[in-house]
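Chains as they are written, first to last, in our numbering: chain X, 1 to 134; chain P, 1 to 459.
Here are a few chain P residues that sit away from chain X, every Cβ distance over 10 Å (derived from the structure):
| # | residue |
| --- | --- |
| 1 | Ser84 |
| 2 | Gln99 |
| 3 | Leu392 |
Simulated pairs of lysine-lysine, BS3-like, Cα-Cα distance not exceeding 30 Å:
| # | chain 1 | residue 1 | chain 2 | residue 2 |
| --- | --- | --- | --- | --- |
| 4 | P | Lys239 | X | Lys18 |
| 5 | P | Lys291 | X | Lys51 |
| 6 | P | Lys140 | X | Lys18 |
| 7 | P | Lys397 | X | Lys51 |
| 8 | P | Lys277 | X | Lys51 |
By construction, these hints were calculated from the structure, which means they are not laboratory data. All of these numbers come straight from a predicted model, not from anything done at the bench. Don't be surprised by glycine CBs; every beta carbon is placed ideally from N, CA and C.
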Amino acid sequence: MSTHPLPSILATVDVGAKLGISQDLSYQGVGMAIVLLALGAIALVLYLLGKVFQSTVPAKEAPSLQPARTSTSGVPGTAPADAGISPETFAVIAAAVYMELPGMSRIVEIRQSPTAQVWSMEGRRQIFQSHRVR
Amino acid sequence: MIQDFFNFFQLTAFADVTWQMLVMWGVVLVLMYLAVYKGFEPLLLVPIAFGALLANLPTAGLVNPPSGPIRSEAAGVVVEWKVSQGQDVRAGDLLGYFQTPPPPGASANPSDHDSLHEIQAKARGKVTLLHVLPMQEVSKGQSLIEVYDHEPGGLFYYISRGIEWEIFPPLIFLGVGALTDFGPLIARPLTLLLGAAAQLGVAITFVGAMSLGFSAGESASIAIIGGADGPTAIFLSSKLAPHLLPAIAVAAYSYMALVPLIQPPIMRLLTTKNERKIRMKSLRPVGKLEKLTFALLVTVFCILLVPAAASLIGMLMLGNFLRECGVTERLVKASQNEIINIVTIFLGTSVGITMTGERFLRGETLMIIGLGVLAFGFSTVGGLLMAKFLNLFVREKINPLIGSAGVSAVPMAARVSQVEGLKADPNNHLLMHAMGPNVAGVIGTAVIAGYYIATMSVR
Numbered sequence: 001m002s003t004h005p006l007p008s009i010l011a012t013v014d015v016g017a018k019l020g021i022s023q024d025l026s027y028q029g030v031g032m033a034i035v036l037l038a039l040g041a042i043a044l045v046l047y048l049l050g051k052v053f054q055s056t057v058p059a060k061e062a063p064s065l066q067p068a069r070t071s072t073s074g075v076p077g078t079a080p081a082d083a084g085i086s087p088e089t090f091a092v093i094a095a096a097v098y099m100e101l102p103g104m105s106r107i108v109e110i111r112q113s114p115t116a117q118v119w120s121m122e123g124r125r126q127i128f129q130s131h132r133v134r
Numbered sequence: 001m002i003q004d005f006f007n008f009f010q011l012t013a014f015a016d017v018t019w020q021m022l023v024m025w026g027v028v029l030v031l032m033y034l035a036v037y038k039g040f041e042p043l044l045l046v047p048i049a050f051g052a053l054l055a056n057l058p059t060a061g062l063v064n065p066p067s068g069p070i071r072s073e074a075a076g077v078v079v080e081w082k083v084s085q086g087q088d089v090r091a092g093d094l095l096g097y098f099q100t101p102p103p104p105g106a107s108a109n110p111s112d113h114d115s116l117h118e119i120q121a122k123a124r125g126k127v128t129l130l131h132v133l134p135m136q137e138v139s140k141g142q143s144l145i146e147v148y149d150h151e152p153g154g155l156f157y158y159i160s161r162g163i164e165w166e167i168f169p170p171l172i173f174l175g176v177g178a179l180t181d182f183g184p185l186i187a188r189p190l191t192l193l194l195g196a197a198a199q200l201g202v203a204i205t206f207v208g209a210m211s212l213g214f215s216a217g218e219s220a221s222i223a224i225i226g227g228a229d230g231p232t233a234i235f236l237s238s239k240l241a242p243h244l245l246p247a248i249a250v251a252a253y254s255y256m257a258l259v260p261l262i263q264p265p266i267m268r269l270l271t272t273k274n275e276r277k278i279r280m281k282s283l284r285p286v287g288k289l290e291k292l293t294f295a296l297l298v299t300v301f302c303i304l305l306v307p308a309a310a311s312l313i314g315m316l317m318l319g320n321f322l323r324e325c326g327v328t329e330r331l332v333k334a335s336q337n338e339i340i341n342i343v344t345i346f347l348g349t350s351v352g353i354t355m356t357g358e359r360f361l362r363g364e365t366l367m368i369i370g371l372g373v374l375a376f377g378f379s380t381v382g383g384l385l386m387a388k389f390l391n392l393f394v395r396e397k398i399n400p401l402i403g404s405a406g407v408s409a410v411p412m413a414a415r416v417s418q419v420e421g422l423k424a425d426p427n428n429h430l431l432m433h434a435m436g437p438n439v440a441g442v443i444g445t446a447v448i449a450g451y452y453i454a455t456m457s458v459r
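So here's chain X without its partners, still in its complex pose (with noise of 0.2 Å):
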């Protein structure tokens, strides 16, 4: 078993070397120390981005990345948020889900369907009408 001498980080150590403690101690913080700088400066970049961002970036944003917005309550009368669907729709849908579920529900969510699915809605249909049910 032979010990080398302490590694320099412009230095390498021999893969099969063995390092005696204070070196291995040295080697291991020096380890520590470039992990710790190199996040911490990618933490301040970070930090100092989102800043920028922050001052820059809110108002345009900030209304799509609440998504209790774009829920409302099955209580009638209450004001929906979402301005795509209009209070008399929001309505008849609160209506709709109160007579067709039983006990009180709450809507959560309403989205519409994307108009491509209507088209791969169809195409199901298609195939399905090509099958006869016995």
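The hints should help you fit chain P onto chain X, whose structure is shown.
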């Protein structure tokens, strides 16, 4: 007729079963039990265990390498040849002797270090060419001798190239990147330091392994278990200590599954009840542009800092960029599902196929398993203590329980933080806060692995 049966029996492999194989069948059953019935990282442990079963059967045409050139594994000289051109050889036959120079700083006496190595035939065939003469100096990777046969190599010989050539771990990282949301980390960048501090277990285990007699490369490979990142552990050990790969992979994946048992006692020991009740402010929403900038920033900075980890960091961030850019849905889906799943099967079985009784049933396997617990424990300590340290300076206090999530083990370690937080305060949800240090740990482990690779030379 009886003689025919007897002759046929001689063709079977029953007589080739060794006691090591029988013991390894027991190990395989334990691994399968843990994976199938206890849910210990089944996606990896099942392929590893099955690969180990195949490795411990007298198989034919499964792992045998193809004939071809035999290359030097290090720089040195061929001392002498024991075969001549045109001679038939079988796998394992002695072809000659090879001598490596003593490591720097070692005594000049060759008997003080293992400098003389046998050159063995890897496959059966005919010696067609001796590339070097006795006492001729060769460099690492240089072709020494040519053995030719028409038989191709076994299936797992080719699949295992994915580990040897360091292809599988970066591909797994592609999928991990596509599955990871770095939003919580970007929203609170300070948590990167928790992921960095959680590498403490790696550093301490390196010292521990070294004091037990392991070499620098072996110690680094064992220590990286503390990073709780399977692909990085496999990547590093296949580079620095390939002979320890099976034990390291099994320890790494087993302990990842044991995170809910290993971490909580340490978390409770190092934190007060009031600290565990700290409520953290909700994370701010992070926009697409910010996430894309993060992916590019980490790629450029980390690769410039540790080029040796370029394949890991590069693929991780490629996967993440695909995910966040929003215009490559098919590629994201492939990375998150087909690619990572296929590579996981190959990676697991390739690791398992190296678990032969001769390689696994050694004292050092037990030491590696013991050191693995040490690594996980100290990594947990590092993250917790860093959180407490940061609380001395920051206005918005950090719940130290999220520090333990700095050991990667995504998302298991973050779930442990959540569970422990709920025990202290049933209305305090730490999961999203813990995801920050959790994914930071992946980057931290890749950086320290890059440090070891960059500072260690494989002769």
